[in-house]
Amino acid sequence: MTSPISPIGALGSVPGLDAVNGVGGAGALTGAERSTAVQGPNESFASMLSRGLESVQASQAKADDLALQVADGTLKDPAQYTMAANEAALGMQLTLAIRNKAVEAFQEIMRMQA
Amino acid sequence: MSTFNAIGVAASGVTVYRKWLDAVSDNIANIDNVTRTSDKAFQARYVIAQEAQDGNGAQVGGVALGSAEGVLVHEPDNPLADTQGYVRRPDIDLGSQMAQLMMAQRAYQANLSVVDRAKDSYTAAINLGK
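Taken in order, these protein sequences are the chains called A and B. Following our numbering, the numbering of the first sequence begins with 2 at its first residue and continues without gaps. Following our numbering, the numbering of the second sequence begins with 2 at its first residue and continues without gaps.
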């Protein structure tokens, strides 16, 4: 907790924000992951975010794939595509919300008077 | 188990009911098939729905087939009739198929509205963090 922006790293210990890991499909943080999150806040948050982004990208790739299948008529159920697209959009929104919140927190700290 | 699990669970329900709709439409499409008495009648398809193995939602466990005997109908004018004037028709009740069609359609819609509500809920949760 020596780094000025370690509170961002502490985000990982907030129960609700485990969802970020859920985006990565990696399940809940293990104890070791939590402690590294405190030691290297920048790195850990970045890796959390990039894991989230990777899974968002995977769900978008899946939605793209289904969109192609809709176009060439091989998809039996169009609802499959719309649901996958919804899931991809939600994942994107979640990742963006968390990223924006982190940047906001950083800027808040940068604005602090010495 | 993903972040937006409710959507995946409802999607499995949507798939099950879509298959049921497919089966019912297949049954109705073939309801007037006529075969020789020496051949099998069209067998109605019945989708077997069951809980998914991972415990998340539903899946189609298999398809059960209706009677291959069908019903013998006296139609001496039919070119497929045997020497006694009988042909074989599938043993499918249109009324029952229509009732199944309604059930499958409504359940399909119900699962889609679950997807819709889940999406709204998740969006509200995300907006809370904005």
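The set of hints was computed from the structure by calculation and includes no laboratory data. No experiment lies behind these values; they were computed from the predicted model shown. One should not assume that every hint holds.
[Claimed, not checked] Straight-line alpha carbon distances no greater than 16 Å define the calculated EDC-like cross-link-like pairs of lysine to aspartate or glutamate that follow:
(1) A:Lys77 <-> B:Glu52
(2) B:Lys20 <-> B:Glu52
(3) A:Lys77 <-> A:Glu55
(4) B:Lys20 <-> A:Glu109
(5) B:Lys131 <-> A:Glu105
**Study point:** Hints that the structure is at odds with (numbers, increasing)
**Key:** 1, 3, 4
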